[in-house]
Amino acid sequence: MDDDALHLFEETLARYNRERYDAGQWSDYGRLPQGHSPERWAELQAMGCFELLRPEDDDRAAPMADLLPLYAAAGEALWREPLATVFAEPIAVIAQLADPARRRALLEGLISGERPLGYAHRETGDGAADAIATTATKSTAASGAGWRLSGDKAMVVGVDVCTGFLVSAIDAERDVPAVFLVDAAAPGLQLQRYRSIDDGIAADLRFDQAPAERLCDGAAAIAAANARGVILAAAEALGIMRGANRDSTDYLRERRQFGQPLLGFQALQHRLVEMLMRQRECEALVASVAEAFDHAAPMLSRQVLVLRVEVARALRHITREAVQLHGGMGVTQALRIGRYYRRALMLDSLHGTADLALEALSEHP
Amino acid sequence: MFGESATAAQAGPAFSEPESSAVQRAAVAAGFDAARFRAELRAFCRQQVPADIRARMRQHQYFTRGQRIRWQQLLQSRGWFVGHWPKAHGGQGWGPLQRFIFVEELERAGTPWLTHFGTSFLGPVLCAFGNDAQRARFLGPIRDSTEWWCQGFSEPGSGSDLASLKLRAERSGGHYRVNGQKTWTTMAQWADWIFCLVRTQAGGKPQQGISFLLIDLKSPGVTVRPIETFDGGQHVNEVFFDDVEVPVGQLVGQEGDGWTIAKFIVGRERLLVTEIGKAWHLLGVLQSIAAGRREGPRRVSDSAAFRRRAAELEVQYHCLRATAYAAVLEAEAGREHPVDASLLKIRGSELQQAIHDAITDLLARDGLAFQIEGLGGDLEGYRHGDPRLPGLLHEHLHSRAASIYGGSNEIQRGIIAKTALHV
Chain Z
-16 MDDDALHLFE
-6 ETLARYNRER
4 YDAGQWSDYG
14 RLPQGHSPER
24 WAELQAMGCF
34 ELLRPEDDDR
44 AAPMADLLPL
54 YAAAGEALWR
64 EPLATVFAEP
74 IAVIAQLADP
84 ARRRALLEGL
94 ISGERPLGYA
104 HRETGDGAAD
114 AIATTATKST
124 AASGAGWRLS
134 GDKAMVVGVD
144 VCTGFLVSAI
154 DAERDVPAVF
164 LVDAAAPGLQ
174 LQRYRSIDDG
184 IAADLRFDQA
194 PAERLCDGAA
204 AIAAANARGV
214 ILAAAEALGI
224 MRGANRDSTD
234 YLRERRQFGQ
244 PLLGFQALQH
254 RLVEMLMRQR
264 ECEALVASVA
274 EAFDHAAPML
284 SRQVLVLRVE
294 VARALRHITR
304 EAVQLHGGMG
314 VTQALRIGRY
324 YRRALMLDSL
334 HGTADLALEA
344 LSEHP
Chain A
620 MFGESATAAQ
630 AGPAFSEPES
640 SAVQRAAVAA
650 GFDAARFRAE
660 LRAFCRQQVP
670 ADIRARMRQH
680 QYFTRGQRIR
690 WQQLLQSRGW
700 FVGHWPKAHG
710 GQGWGPLQRF
720 IFVEELERAG
730 TPWLTHFGTS
740 FLGPVLCAFG
750 NDAQRARFLG
760 PIRDSTEWWC
770 QGFSEPGSGS
780 DLASLKLRAE
790 RSGGHYRVNG
800 QKTWTTMAQW
810 ADWIFCLVRT
820 QAGGKPQQGI
830 SFLLIDLKSP
840 GVTVRPIETF
850 DGGQHVNEVF
860 FDDVEVPVGQ
870 LVGQEGDGWT
880 IAKFIVGRER
890 LLVTEIGKAW
900 HLLGVLQSIA
910 AGRREGPRRV
920 SDSAAFRRRA
930 AELEVQYHCL
940 RATAYAAVLE
950 AEAGREHPVD
960 ASLLKIRGSE
970 LQQAIHDAIT
980 DLLARDGLAF
990 QIEGLGGDLE
1000 GYRHGDPRLP
1010 GLLHEHLHSR
1020 AASIYGGSNE
1030 IQRGIIAKTA
1040 LHV
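Those protein sequence lines, which keep their order, are chains Z and A.
Just so we're aligned, residue -16 is where the first sequence starts under our numbering, counting upward by one.
Just so we're aligned, residue 620 is where the second sequence starts under our numbering, counting upward by one.
For the record, the hints were derived by calculation from the structure and aren't laboratory data.
Hints may contain errors.
As the list claims (entries may be wrong) - Partial chain A-side listing against chain Z, Cβ under 8 Å, derived:
| no. | residue |
| --- | --- |
| 1 | T942 |
| 2 | A1021 |
| 3 | S1022 |
| 4 | T1038 |
Said to hold, decoys possible - Some chain A residues well away from chain Z (every beta-carbon gap over 12 Å; in silico):
| no. | residue |
| --- | --- |
| 5 | W732 |
| 6 | R756 |
| 7 | Q853 |
| 8 | G875 |
| 9 | D921 |
| 10 | T979 |
Glycine included, every Cβ here is placed at the ideal spot set by N, Cα and C.
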């Protein structure tokens, strides 16, 4: 997208948010059993958002830069729809497939909205998710030849829309990590659903000799999926920062104490300014790392770690300050602020915490 | 990945930080090749720095007036010192991006800071506001570094509240009579000329009635008195004016244009205050000190505590650099984000101070000798600790001023509150 198209897209999203995600609406979506609104999810598809994933040529993924406004809009308005099952990790994994026909089929399943895929990589107690205990063995049994997968995966998001799961496992034949596709209705797959800190729906997955398709080798796919997930989560975080900063500024402008608006107090002004600065820094960082990703720039993995640390910290800072600046209202369910705070906690936990990223930076200076 | 000039220049990979494609595209649009320009600057800094200057760079010593002038003249031999001036006035017409890359590379190499009062401030002011006679008289000596300029803005009662300044200039015939005082005047002890904000009219809004006057420091009635700073250096001064006669031809623009010109100056250099290249250089210094020290059986650079601290600084550095380049690209496109200018000032100074804290904490393990006589040359007699100790401690102390001068960080936060929050 060129600058004009991008700007137009942002305006469309802003209008959509005003119409669909106002103060009276967003909290209702969360009370639905799916944890999100199927109508909204269908609308995103109808608006053509999924078409953003269609590559210009077969060999390259559509640019990440085009997705940043979508994720920012999602962050700001607290969308509950399972974007990741279409836009994030699955795209990166599919790009690694050697068979072009299979690659096209899976990608088409995402773009058409017919086959969203969950990303099941993380295992219990392993936030960084580098160690994989799940294993895949090749069965030659007469009842059905092919791969069988066994193990446990933790906190897979968006499970209710998924028709299948991309699962990292050790390929026992060659003792290397690989990524497998398991059908959501596969025998031997059990889901335990629960609410997550951000009021979403997540699930732990147990595989017991579940039939699986081996898609590709693991290391590169997992790294690419992680980078993609981190960058898009950072874009969502930007939206939260924008919303939290705007709400806090508006609140301080309206709320009067001691005979003047709270925004008149310099101590509070400077705290808001710090929040604005962190937002601006993250905007620059997200754009630069997304661009590096699209151009497969050298040192990308290090840039992703830097992004991971900085955005998580800035987001925590801003949402924490937003709660504080809203006073008692900040800890109620009545305002977006409390939801922002909890979504921020969730985002930090999705791709290994910022602490782990900082440790990775320290270990390989 | 960070490198000190000496080792990094040989090692190469320390410079492998990739040029973003957005920067490459903007450079092409501006008519230059970013990678080639950087390579040219790096080669120049590697090969062309005179030995005596390089020796001082290595030890972080203070450069003499003569050394600074020689370095500036060397840069101008390539047309770089005033590269950012319009072509019509002897420059190369660089835009903000090329200028930024130029300064970043010089800072990375640790070369002497370019005194910007003439080249970055007055030169562009004369191009934009001056008359032909003033340009003909003053631009050449700035370009050639044959006249040294300093800046007379702050006064004892007018620091953050600059518009309250009182230095009086009263018109009588073909002259102004100037009476009063400037302070915190950087390098006035070395300067030939000073450009001053003066009050030519009392009453009305404080911003009105301020004018921009060029004053020869050799004029009768001018006294320059040094202010001792806690870093042991002498770089700031008080400048007194006692009935100093200044020809009216040395007024730039019209009477009352002073505030506009002052804002023009602040706007010009708002991106370069980040000093992102200097931060990169200092991170290299930090790494090299850690690698050269032992803590029991292992190198300090292998300790988890040090590495974590270095990683934190690296995150801060990359975040600031991304922001700085985003701001430069905005400026290159003729736009300005309401938060950028003050943000770069605040974060640039915070990062520099944080790196100096880390460096000093390493040096402190041997005890902090302050042999300040080692700042301007080699120590005679006994030297305690790292040969860079005097220079690095001086730079640490001096870095505390980075969040104070040029509008303190509190003032910068106030500016953001005004422009972005509309308070």
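*Would you settle whether the hint for A:S1022 is holds or violated, based on the nearest Cβ-Cβ distance to chain Z being less than 8 Å?*
Cβ of A:S1022 sits 14 Å from chain Z, so the hint is violated.
*asked:* Take the shortest C-beta to C-beta distance between A:A1021 and chain Z; is it under 8 Å?
replied: Constraint on A:A1021 not satisfied, violated at 17 Å.
*Was the hint right that A:T1038 lines chain Z, CB cutoff 8 Å?*
Where the cut-off is 8 Å and the nearest Cβ of chain Z is about 10 Å from A:T1038, the hint is violated.
*Against chain Z, with CB atoms and a cut of 8 Å, does the hint on A:T942 hold up?*
holds, 4 Å
_chain Z versus A:T979 - minimum CB to CB distance exceeding 12 Å, so not interface_ = holds, 20 Å
*Per the stated criterion, does the least C-beta distance between A:D921 and chain Z lie above 12 Å, as a non-interface residue requires?*
violated, 9 Å
*Is it correct that the beta-carbon of A:W732 has no partner in chain Z closer than or equal to 12 Å?*
holds, 25 Å
*asked:* Quick check for students: does the CB of A:R756 sit more than 12 Å from each CB in chain Z?
replied: holds, 42 Å
*Check the non-interface label on A:G875: least C-beta distance to chain Z beyond 12 Å or not.*
It holds; A:G875 is separated from chain Z by about 31 Å at its closest Cβ, greater than 12 Å.
*Was A:Q853 rightly flagged as not at the interface, with every chain Z Cβ beyond 12 Å?*
Non-interface label on A:Q853 holds, nearest chain Z Cβ at 34 Å vs cutoff 12 Å.
Checked against the numbered hints above, the structure breaks hints 2, 3, 4, 9 and satisfies the rest.
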